[in-house]
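First to last, the sequence lines map onto chains A and B.
So in this note's numbering, spot 300 of the first sequence is number 300, and the numbers just go up one at a time.
Offset between the second sequence (1-based) and this note's numbering: plus 1000.
Hints are computed from structural coordinates only; laboratory data are not their basis.
Taking lysine to any residue and the SDA-like style, the derived pairs with C-alpha atoms no more than 25 Å apart in a straight line are:
| id | chain 1 | residue 1 | chain 2 | residue 2 |
| --- | --- | --- | --- | --- |
| 1 | A | Lys16 | A | Val178 |
| 2 | B | Lys1087 | B | Val1121 |
| 3 | B | Lys1277 | A | Leu109 |
| 4 | B | Lys1087 | A | Ile298 |
| 5 | B | Lys1087 | A | Leu304 |
| 6 | B | Lys1277 | B | Tyr1223 |
| 7 | B | Lys1277 | A | Thr141 |
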Amino acid sequence: MNAPERAGLLAPPVLKGLLAVIVFVVLPGTLLTIGGGYLFQIATTALIFVILAASLNLVTGTTGLLSLGHAGFYGIGAYTAALLSTQLGLPFLVTLPLAGLSAGIIGVLVALPTMRLVSIYFAVATLGIGEMIYVTLLNWTDFTHGPMGIRGIPSIELFGWRASSSLDEYLVVATTAVISLWALSRLTHSYYGNALRAVREDDQCANAMGLNVVRLKIEAFGISCFFAGIAGALLAHTGKFISPDQFRFSESINILAMVVVGGLGSLPGTVIGVLLLIILPEALRGAGDFRMIAVGSIMFLSILLLPKGLLGEASALDLLRRQFGEAWKSVPGSNVGWR
Amino acid sequence: MLDIYFVQQIINGLSIGLVYALMAIGFTLIFGVLNVVNFAHGEVYTVGAFVGLLLITWVAPPLLVVVLAALAVGAVTGVGLERIAFKPFRRFRDEASLRSRAMREATLLSSLAASIVAREVMTLVFGAHMQTIPQAYLLQRPIAIGPLSITNGDVVIFGASLAMLAALQFMLFRTRIGLSIRAVSNSPMGARFVGIDTDRAIIATFAIGSMLGAAAGILVGLYDGTITPQMGFAPGIKAFVAMVMGGLSSIPGAVICALILGVAESVTTDFLASGWKDLVAYAFLIVTLVFFPQGIFGVGRERA
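Looking at chain A on its own, in the form it has when it is part of the complex (with noise of 0.2 Å):
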């Protein structure tokens, strides 16, 4: 593992401050200079799909726990957001934390029975738990008002502040993707960050150095959670509109998709997944039609030919190699196979 060079892609402070006033300055200038509110849109939508992705990412890619339920916990978000505002008219920043803790907190309830599954079970597990949150959505129609979603949600208002433009919404979006990047940045680059690579990599050996693996694994999806509730919050208050499609099992894929063509285990990597995905459907014109199926064949080609993803530091085919590299020169019979 090279980690401190890949580190070092964002650890030079000038090209933080780089990317800091691509994203407050260059981008909204030329965005406002070519004029398309519908400009902004994409790029405010690219921006909550970068806190997801990066909030997938600690869980699949530093602690190599594959889920395929992230979306629901998104709609979790979503729904508290939309719930709060519209039915007790609380302001945005009392429902951006409580959107993403309550996903954290349902997300743990969730983990503390699965998270003692491993590998292929923990993602049916998730696949049937990101359901059951669609299902639920959808059904209970005198709470979320089922497949008619919820309208009129109100947008961005901070201290008398109110975000009327989509320039506005896009700053304040772009701020809380900042921060939430920088706090996962600094969760998988801390001692923390090391103890869950090293559940990824060989979970039982972690756990005979003795860190506790289903603790730190439980924390990790809650961590999660609440990132992915933090942009279902954002996506409700911009949006204006909710429905229980929005988070279906294809928008988990999605954002796995983003995830894996980024690279597992790396945040620019995912960054650039998420552009690559959201920008070059939208870029090929009239890719409505053609958008899954992109990035199905992006996802495919990725995992065939760049199994690190583009920046990845986590792969699994190194994983497979290290493995015939064992069950070559260890006895033909040993119990190799096992893992």
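Go by the hints and put chain B onto chain A.
Relative to chain A, chain B alone:
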């Protein structure tokens, strides 16, 4: 006490359960041989249904021909799927690589990607709206048995599923290719030592599993009367649940659990709005995973 309506629901549940069983067998066979989950199995089911529909609208052959065509196309789809989404990741042939966790996750993602592409291509070609089956082929004619009223679709699904299950048992236990499939699922390394072509056995497994899936697709299409490109997703997940409940590599277990699941779903609609019935399958899944990690009929499982 024996409420007629309740018995009716159980019969409906059994025919839904048999369809899940046909799909669950495909999952179980492939899992037994490769230790991987084929997420594109639901799309094979959809392909079977659409091939049947095309054949019905163009040629209008007898029902048996439609089912046989679906079986043939299912086999071809299965082989193609194996070639595209599974073969490229099987670069080494020792036991560890055939069963390794990394290979499992890579093929999980690749079959997932293949299923997305297949589903979206079908949506593009046929449109996302529901396709209706011509009236003459619908299996919805009621048959009255005493106070019960079942449709001829129930009878056809019962008959066809039992015939296919019997054929599968014959194939697995009485033919050479069945023997090689069982050998590979027992131990890929040992199978290679005694000169079995493991690749051929794997391809045969995909062909057989996908045949059953495609047949289930066209039978359900004719039974329900509508076909959509998304139709494969829910039965695919439920068949998967049945496989996990049945203990992953036990075919009888998968069949019994599929029947339990079908009946449970159909009885749930008595108590709750029908939209909630999907929740039952997912709840079964989570409960099984948490409380019976070896499946209800499983005989021990290696740590995955």
